[in-house]
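Asks: If you want the building blocks of each chain, they are given just below.
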Amino acid sequence: MTGRSARLLHALGLLVTLSFTLFPFYWMVSSSLKEQAALLASPPVWLFRPTLANYAEIFADQKVSGAILNSLIVVCTTTFLAVCLGTPAAYALARFEFRGKRDLWFWFISNRMISPIVLALPVYLLALQVNLLDTHLVLILIYLTFNLPIVIWICTDQFRSIPRDLEQAARLEGADQFTIFRRIYLPLGVPGIAVSAIFSFIFSWNELLYALVLTRRQVQTAPVVATSFMSGYELPWGKIMATGTVIVLPVTLFALAVSRHMVRGLTMGATK
Amino acid sequence: MAFLSLDGIVKRYGDHTVVDGVGFRAEKGEFIVFVGPSGCGKSTLLRMIAGLEEITAGTLAIDGREVTHVEPAARQVAMVFQSYALYPHMSVFENMAFGLQMAKMPADEIRRRVEEAAAILQIGPLLQRKPRQLSGGQRQRVAIGRAIVRHPKLFLFDEPLSNLDAELRTQMRIEIARLHQKLGVTMVYVTHDQIEAMTLADRIVVLRAGRIEQVGTPSELYDAPVNTFVAGFIGSPRMNFLPATVAEAAEDRLTLTHPSFVDGRLVAAPRRGGARVGARGGARVGDRVTVGLRPEHLALDGAAPSLRLRAEMTENLGGSTQIYARPADGEALSILTPGRPAVAAGDELPVRVAPEQIYLFDGAGLAI
Ligand SMILES: Nc1ncnc2c1ncn2[C@@H]1O[C@H](COP(=O)(O)OP(=O)(O)O)[C@@H](O)[C@H]1O
Ligand SMILES: [Mg+2]
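The listed protein sequences correspond, in order, to chains A and B. Under my numbering, residue 272 is the last one in the first sequence; the count climbs by one each step, no gaps. Under my numbering, residue 1368 is the last one in the second sequence; the count climbs by one each step, no gaps.
One chain only, chain B, in its complex shape (with noise of 0.2 Å):
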């Protein structure tokens, strides 16, 4: 039985449809996020588990209890919420103890779970300050911790981390990842960063418009998106696409067309790991395809070039340089190759990638 379980779910602001028939199910433990572009309503989706918004139609269970229409309090679960939320007028020490305080738990008790949460969380010498005098990492950590003593069944976090500098946000990211692991509780993880998303889930939800476009692992997501929508999102930086015709049909293997193609042909093989690697049969000679190239997977080579693109500009990253490079039509490509190689605007650019790291998606941009 799922501990999680949506069926369905719909959520409506008068005719205008906000979340569409989202149903999945997580297990007990799970860390599962959801992404997807500001404004797909991935935060109506939380804050309907929570039970702040009303549930228009499917059915929510938790822990293998309905609770579509339950308040709230007695779902058991606790939230971070993107602005904290932290009451301004309560010390930390307040704020973390007010749910226990609701719980009507006796004082000592309310006292050890606070202390507890505080020395997960390093903000023991904290406890006496008000929210203004912390700073914005020091407030996420007591708003992390005010849902910690709780000792819900189900974490929610509705982009936690979107109010932090860089630095703290990793290092907040991988504290949470450890809070995770220590605590073992579920925990469904709102963001619409999918450096996020990646590194934290255990399965990534990825959202369009209300509804779910597919769920899967990071690397189920990385290796065989099902269409040019999640290949675009999951991935940084973000896929190349290149439209192409399909000039040879073999068993396992496509010959394309694109005239920034070396000979104008490009040979693509089953990807290793992708979904559909049996599928690729079904295509046919003439049909219009996209083809999804990820940046990592391009490499300058002079020997076996498989494209040739223009150089237009370079981004050295330190460790790896980012080059942006032109077909002989069409967008840009980026290309991500270690160290730092020469190149100038202008130069030609041999450019090869592996039959077998080629994504290759139909005219409606679902994935061969």
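Bound conformation, chain A alone (with noise of 0.2 Å):
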């Protein structure tokens, strides 16, 4: 086969893999800005007018800006404790030896291994009991059950790659553990911790099972509000798709900015 035409076949798969990728967010914008009769048009209608009608109905409605709020506090409030907690056991997982080391490691991992829909039940009566349903802070702290694993695995391998010397290094000059840790692995660390953050937050922002368990009114995040447009004898599609749109929006955006961080940490380690 010649380059060239290695190259078009080549060219041809990324078309069909991004269209087969790219479809359902197409579907989802395009949806977004139709009317309701366009919508339910069948065969379905390419060329449409395009109305703001479902945007200015789901931002009229304070159920959605609502929830979306509930999703940014929650959201963040993961991320940022997931990050502030797990960088600290990173670092102790990756340059300490202390007893029980191999069996926290293993938890960690293990962690991900169960399936959530297993612990939804435990976790529902758990939340209960302890009258926490419906709070912020329930949807924090299983979110951070979740994301915490994944920001000590992802950072206790970034922090391994660390040459050892600097931190020795840095004890001669007289820095303590903590300094060592704040002014030399933290920022060496940024592109692991970054990546971290990502799938942290876009995790949390996309799960649905237990924000749908764990939340009546108050708290719904964005998904779960996205959803519950499905109920009753009409599926406003529109409402739906536009919710739909404004939820992946900010993590697309999040993680366009960051892509460059994300690559790089996902490769990393593969040098070793």
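Since the hints were made in silico from the structure, they are not lab data. Ideal Cβ placement from N, Cα and C applies to all residues, glycine included. Careful: at least some of the hints might be erroneous.
Unchecked claim - One side of the interface only, derived from the structure: several residues of chain A facing chain B at Cβ under 8 Å:
#, residue
1, Asp103
2, Asp165
3, Leu166
4, Arg171
5, Leu172
6, Gly174
7, Ile184
To be verified - So the derived list for chain B, only partly shown, Cβ under 10 Å to chain A, looks like this:
#, residue
8, Val1077
9, His1089
10, Gly1099
Please assemble the complex out of the two chains, which come individually in their own frames, going by the hints.
Replies: This is how it looks when you write it as structure tokens:
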């Protein structure tokens, strides 16, 4: 095969993959700009006069803006806490020997082996017992449970790749353990920390199961509200799609902004 | 009172002994070089002095104070790492200022000290750069600068030049020697390169497998190595070794036999500067000994040859020539001779060595 036809095939493959992954987004965004009649038309209409009516409607709805605020509160707090708690733990795991280290490490990893739905009922009952249902705190706690291992996992790997000599040079110069962590490990671990923050952010932002189970009215998050339109006899597809677009937008922008770190982080350790 | 003293220092990892009872003393201002083959425990020893490794047994004192289990920072030592260990996210200035900040020094004093060190090392224009924007030699200077600014009591170097190319290595070697003269501070320097050891050291500590083989000035080690290990390690090109038998033992003269000696015999006299000059008499007729011949002591001389060898290969070094030549049996010997003698492979070479330039070792490899 010549180089040119190989490149052509390559491009074709990319095109297929791209349309496959991007089409649902296109469909969501374009549907959010259609009126109900155009939405339900069969065969679907490709050319239509876009309208912002759906957006006007969802933003007028207190429920949607409240949900987005809830989501922001829960997700930002979770991500912030996951990074604040996860990075020192990762430093300890990366650089110190202590009893039970292997067990702790395995526990962190095995946390991610459990399917979340298995725990949904016990967690619900627990939250009910301690009166935490329908609070921001319960969502933050449960998301933290899922996100901390990811942060610790990625950051441990990142911190391990920082040469030990740096830490020892700093120790000789009189830096204490915390200074070493703050002035050497944190700045040099930025790629890993950024990636784990993104993962944490996206996971919490998209999470539906626990948000659905653990909230009532007060702290419904954005994905819950989006699905809540699906009750009743009529499906307001325009509003659902508009809400979906609004939900996806922040993560997309966030991910685009930090995508360079993301690629660097995902391939880190590859050359070890 | 010695400035730096090590007593019975031991390091074990599990039941693997890496440093096995090292003891020696250094005076204030001395330049000490630890030299030995890779894996002999040099770095471990240095890192124990720095406090980066726990000392399993023994005592360590710096400037009259016992510091065996003292925190590294409290020992007032500075170390230059083989990897340089510069903080990649900090500028050269910040790298050099870090330790002073840790000591809570005022900002203007920090600036003054960093600029002073930068001037000594000629890295003033680089202060705002990041380590990745520096060449290997410049990084090396920054690493040294970072050590200087703290005005430590003791400088430790762990193979600081091994990542540089040959030309830079020579240049930095001279600069380190100059720095030592200028600062007059005690330095301990680790290397596996015997040329660095010979050129830099006031005294050399030769290590093998976690033990000290010999301590002495470069000349002492060159003139009077205590065993074949030190003899082979110090000096370049390496000393040649040849087995022989004692045929006659006079008061201060031994006659040795080996098939490649002219007439089968070679006379060895006490060496100038040899540590055990008088002990030669200890050898008895019939003893198996090892003869050590330094390549630079062998001369091509048809008039009064002591050995007959067959030339195998020559290397033209420009001003001198290194010839590899084989005795009647055994391994090739190297000969370092000035100029460019016309020698072709297969030629029979008459080689002369002065009787007082012959090193002798007994069956166990210890100097006679
Ligand atoms: N942390 C460690 N655990 C076990 N063995 C070690 C450790 N560090 C060094 N060693 C061993 O100690 C020996 C000496 O190492 P080192 O001091 O680095 O040698 P050198 O610097 O002379 O090349 C080596 O055999 C090495 O494998
Ligand atoms: Mg070493």
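Asks: Can you name, in rising order, the numbers of the hints this structure does not satisfy?
Replies: 1
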